[in-house]
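Asks: Spelled out, the chains give:
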Amino acid sequence: MAVTEQRSAGLDVARIRKDFPILERTVEGKPLVYLDSAATSQKPNQVIDAEADFYRNHNANAHRGIYLLAEETTELYEQARAKLAGFIDAPQPETIVFTRGTTESTNLVAYAWARKFLREGDEILLSEMEHHSNIVPWQLAAGATGAVLRYLPITDDGLLDLSDLGSYLTERTKLLAITGMSNSLGTLPPVRELADAAHAVGALVLVDGAQLVPHVPVSVADLDCDFLTISGHKMLGPTASGGLFAKLEHLEAMDPFLGGGHMIEEVFPDHSTWNEVPYKFEAGTMNLAQEVGLGAAIDYLEGLGMDAVREHEEEITAYAIDRLLGAGATIVGPKDVSVRGGAVSFWYQDIHPHDLATVLNEEGVAIRAGHHCSQLVMRRFGVPATARASFYVYNSNDEVDALVEALGKAESVFA
Amino acid sequence: MALDDIYKEVILDHYKNPRNKREMPDAELSCSKNNPLCGDEITVFVHEDDGKVLDVSFVGQGCSISQSSASMMTETVAGKARDEVEERIGAFRGMMAGEVEADEDAFGELVALKGVVKYPVRVKCAVLAWDVLQEALAGAGEAEGSARH
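So the sequence lines, in the order shown, correspond to chains A and B.
In terms of my numbering, the first sequence is residues 1 to 415.
In terms of my numbering, the second sequence is residues 1 to 149.
No lab work stands behind these hints, which were simulated from the structure alone.
Here the structure is a predicted model, which is why all the values come from computation and not from measurement.
Heads up, a few of these hints could be off.
[As the list claims (entries may be wrong)] SDA-like cross-link-like pairs, simulated, lysine to any residue; straight-line CA separation at most 25 Å: (1) B:Lys-124 <-> A:Asn-397; (2) B:Lys-8 <-> A:Gln-349; (3) B:Lys-124 <-> A:Glu-265; (4) B:Lys-8 <-> A:Thr-40; (5) B:Lys-124 <-> A:Gly-328; (6) B:Lys-118 <-> A:Arg-379; (7) B:Lys-8 <-> A:Trp-347; (8) A:Lys-30 <-> B:Tyr-119; (9) B:Lys-16 <-> A:Gln-349; (10) A:Lys-116 <-> A:Asp-255; (11) A:Lys-247 <-> A:Phe-268; (12) B:Lys-33 <-> B:Asp-105; (13) B:Lys-124 <-> A:Lys-116; (14) B:Lys-52 <-> B:Glu-87; (15) B:Lys-16 <-> A:Val-383; (16) B:Lys-33 <-> A:Glu-265; (17) A:Lys-409 <-> B:Leu-12; (18) B:Lys-21 <-> A:Arg-379; (19) B:Lys-16 <-> A:Leu-376.
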């Protein structure tokens, strides 16, 4: 849609929107209002062009060929790794393993670390606000090792309930795996505080960065996490781009995840030895064009400045919560934008979220409706599903207005 | 596409005033299922005697499509022979898959749901109650009495 507002906090939204060709399309004859960036973000020309340029001009396999194209591909791929390391303030590029996103990254740790180091009775501490991708891999690992899962509860306000943290975090705890930003509630847990408490009892810390890394300036040094999972497609990058940050000592100690080409040093009939970190974890041909595209996405976000991105999202989220409450919606999650991000779950007039999303689609407004892969959260708040609007660098307050106006249409259908 | 294609009067009527939405404590057959996409849950109760489906009811929560479809289903299958009910389930699935032409003589009020065919994700909502009914009926072949899953 045409955005009248030129500037929101540090971002020139009207100019940013020109970089995203999809925002020019219409849905059901109406301008697209895309409010589902927590599911996947749209892509700027810079990313689309970088991926296309890779295929048009450089495509070969990385780390294998002797010829020029192969060298160019390797260089572009490794540049992307260095950009991702820089983006999260990692100490060196070798601490980044490319994966196809947070789900694969979590599974990598659940296989290569948890299955090697966890013993019966050890505990993995999660929270009730985790995405299924930060629950199910640990259930599988627990099944394989005899480890036990525990869950930090959620307060009525949608925050982590840390009042009894000491009883959850004990010498039995070997891993705290916690979201950096809840995809269903928007909550920003106090990750550093939790990491310090976990380290104090000797546990490692994995931060699910699916929603955190795209929206908030992140420094793994400041968070002091052992693992951080990163989704490329939620931060303007191509699908199947992303990675895992891990402290080097853990990558060295872990077993490989997938076996195959390039992850080996030498292969014998009965055993093999492993390539150096991070290649030990990168078996087979990787998502080369996608990671190169992710590098372009990082350039784009750094051009905007992540502080400005966060500032913009605080502003639009505050505006959205205000307007939704004013329209009579119930917000599921915290309302204070200093402790939350821009994924806003809500109920409106007892209209089922599925019905709401269908009516909104007729107005060109794309929101998510469902359990958001967070069934523990849905049960905690006694709802089968929620509607969720989520925001990114290209969203404007005008689009929040379009959302609220479309809610009025829904009310007229179901009144 | 107009919203009327999906939210027809008859759908909204069944949604707001669902028919046969009640527990049936003495049902011979029952089954519960949820739609993994949205977490909606539905339980269908069947009072069956001698190969005839005498009464069908449901409880649960869900969107207007799943609830109205369940409501219309209870009305359309009650009083029919078991194999006739199974035939209806197949025909309804055919309509929602866009394979069978929706004909008012054959489907009655259920024709109202044909607009949902254009929303592939919502088709699952429309067929949920029918899936549960079929599983409840299938339970009859396995054991005497209740087949609560």
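Asks: Next step is simple, just say for each hint if it's right about the structure.
Replies: Status of each hint after checking the structure:
no. : hint                    : in the structure
1   : B:Lys-124 <-> A:Asn-397 : violated (34 Å)
2   : B:Lys-8 <-> A:Gln-349   : holds (19 Å)
3   : B:Lys-124 <-> A:Glu-265 : violated (49 Å)
4   : B:Lys-8 <-> A:Thr-40    : violated (32 Å)
5   : B:Lys-124 <-> A:Gly-328 : violated (29 Å)
6   : B:Lys-118 <-> A:Arg-379 : violated (31 Å)
7   : B:Lys-8 <-> A:Trp-347   : holds (23 Å)
8   : A:Lys-30 <-> B:Tyr-119  : holds (18 Å)
9   : B:Lys-16 <-> A:Gln-349  : holds (14 Å)
10  : A:Lys-116 <-> A:Asp-255 : holds (7 Å)
11  : A:Lys-247 <-> A:Phe-268 : violated (30 Å)
12  : B:Lys-33 <-> B:Asp-105  : violated (30 Å)
13  : B:Lys-124 <-> A:Lys-116 : violated (41 Å)
14  : B:Lys-52 <-> B:Glu-87   : holds (13 Å)
15  : B:Lys-16 <-> A:Val-383  : holds (19 Å)
16  : B:Lys-33 <-> A:Glu-265  : violated (51 Å)
17  : A:Lys-409 <-> B:Leu-12  : holds (15 Å)
18  : B:Lys-21 <-> A:Arg-379  : holds (23 Å)
19  : B:Lys-16 <-> A:Leu-376  : violated (29 Å)
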